[in-house]
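Asks: Whole structure, please, built from the sequences with the hints as guidance.
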Amino acid sequence: MGNYLQVAFDQVNLNYAGFDELALKKLTLHSKINKVGLIGPSHAGKSTLLYLLAGVLDQVIPTEKSGTIALDGQDLANWLASKQIGLVLQDPASQLSGMADTVFDEIAFGLYNQGLEEAEIEKRVQAVAQKLDLEDFLDLAPTALSGGQIQRLAIASIIALKPDLLLFDDPTSQMDPLGRQHFFAWLKELDCPVIIASSEVDDLAEVCDQLWVLEDGELQMTGKPADIFMKFANDHEIAKPAPFLMGEKMGYKFDGHYPVTADELMKAAAYGNHD
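First residue of the sequence shown: 1, per full-length UniProt numbering; consecutive thereafter.
Heads up, some of the hints might be wrong.
[Said to hold, decoys possible] Using C-beta positions, here's what the derived DEER-type ranges look like:
1. Gln-74 <-> Lys-162: 17 to 27 Å
2. Met-99 <-> Lys-231: 48 to 58 Å
3. Ser-66 <-> Ala-141: 39 to 49 Å
4. Lys-162 <-> Gln-90: 44 to 54 Å
5. Ser-146 <-> Ser-42: 23 to 33 Å
6. Pro-62 <-> Tyr-112: 25 to 35 Å
7. Glu-248 <-> Gln-59: 27 to 37 Å
8. Ala-119 <-> Asp-176: 14 to 24 Å
9. Ser-42 <-> Tyr-271: 32 to 42 Å
10. Ser-66 <-> Thr-222: 16 to 26 Å
11. Glu-64 <-> Thr-222: 19 to 29 Å
12. Ala-127 <-> Asp-235: 12 to 22 Å
FYI, nobody ran anything at the bench for these hints, they're computed from the structure.
Beta carbons are placed, not taken as given, at the ideal position from N, Cα and C, and that holds for glycine.
Replies: Structure follows, in structure tokens:
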């Protein structure tokens with residue numbers, strides 16, 4: 001399920017003004033994406049890559065860049081001129097408008113700026129509120145919400161705009177386990193290309209069809225979650241999902257690899273696929 005987007009990075013280098021060390025180094029990748037998980041240690045370049053794709057990096061800090069980025073065959077700047085990217089930041093409170101009296105108004109803020117009709121705004125707000133468990137809070141002030149609820153509000157405000165590409169930078173850091181579970185279940189069904197940086201490898205393995213591994217600004221490996229965890233994780237600072245660890249311990253394999261999802265683990269155990 002979902003739409004796909006062709007992405008192409010060719011020899012992309014980037015460094016922040018005043019720093020000698022490159023934040024991204026010779027990044028080269030051509031891939032057709034739907035749901036991509038960005039993983040790697042802190043300061044690997046994950047946030048930098050997301051900000052670069054969103055076209056907002058130079059609004060945050062001056063940079064020097066080289067190389068090219070294309071989406072669906074168009075230069076990134078040209079693609080951004082006719083398409084819409086949604087970026088959800090690590091700090092959700094910084095992303096709110098600060099001018100909305102209620103959660104409903106906050107979700108609707110960007111829709112009003114687009115000049116949509118009241119009926120369409122009402123429809124979109126109610127739809128995203130339902131998906132992200134915000135229905136009971138629509139009449140509350142955003143300041144009355146918990147950290148996890150504010151995180152979901154920031155996400156709802158972005159997806160209500162129906163972007164062509166969604167970028168998430170650690171979007172569940174303030175959510176409780178149930179909120180995180182609901183978010184990733186929603187994300188799995190989302191009909192939109194997504195790139196998400198997260199340390200929640202169990203959830204990424206359930207949702208993503210690709211993982212990109214960054215270390216020290218370099219792209220180390222890309223591939224299906226099972227390939228990443230089987231071939232790469234042991235020699236690098238990459239956590240493994242719980243089903244993988246259990247399968248590894250018990251010798252259960254699914255389709256030639258240790259299971260990376262709960263469903264794969266159950267099937268491997270039931271069918272007796274052992275090392």
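Asks: Would you mind marking each hint as holding or not holding in the structure?
Replies: These are the hints, each one checked on the structure:
no.	hint	verdict
1	Gln-74 <-> Lys-162: 17 to 27 Å	19 Å, holds
2	Met-99 <-> Lys-231: 48 to 58 Å	49 Å, holds
3	Ser-66 <-> Ala-141: 39 to 49 Å	46 Å, holds
4	Lys-162 <-> Gln-90: 44 to 54 Å	23 Å, violated
5	Ser-146 <-> Ser-42: 23 to 33 Å	25 Å, holds
6	Pro-62 <-> Tyr-112: 25 to 35 Å	32 Å, holds
7	Glu-248 <-> Gln-59: 27 to 37 Å	44 Å, violated
8	Ala-119 <-> Asp-176: 14 to 24 Å	34 Å, violated
9	Ser-42 <-> Tyr-271: 32 to 42 Å	39 Å, holds
10	Ser-66 <-> Thr-222: 16 to 26 Å	21 Å, holds
11	Glu-64 <-> Thr-222: 19 to 29 Å	25 Å, holds
12	Ala-127 <-> Asp-235: 12 to 22 Å	44 Å, violated
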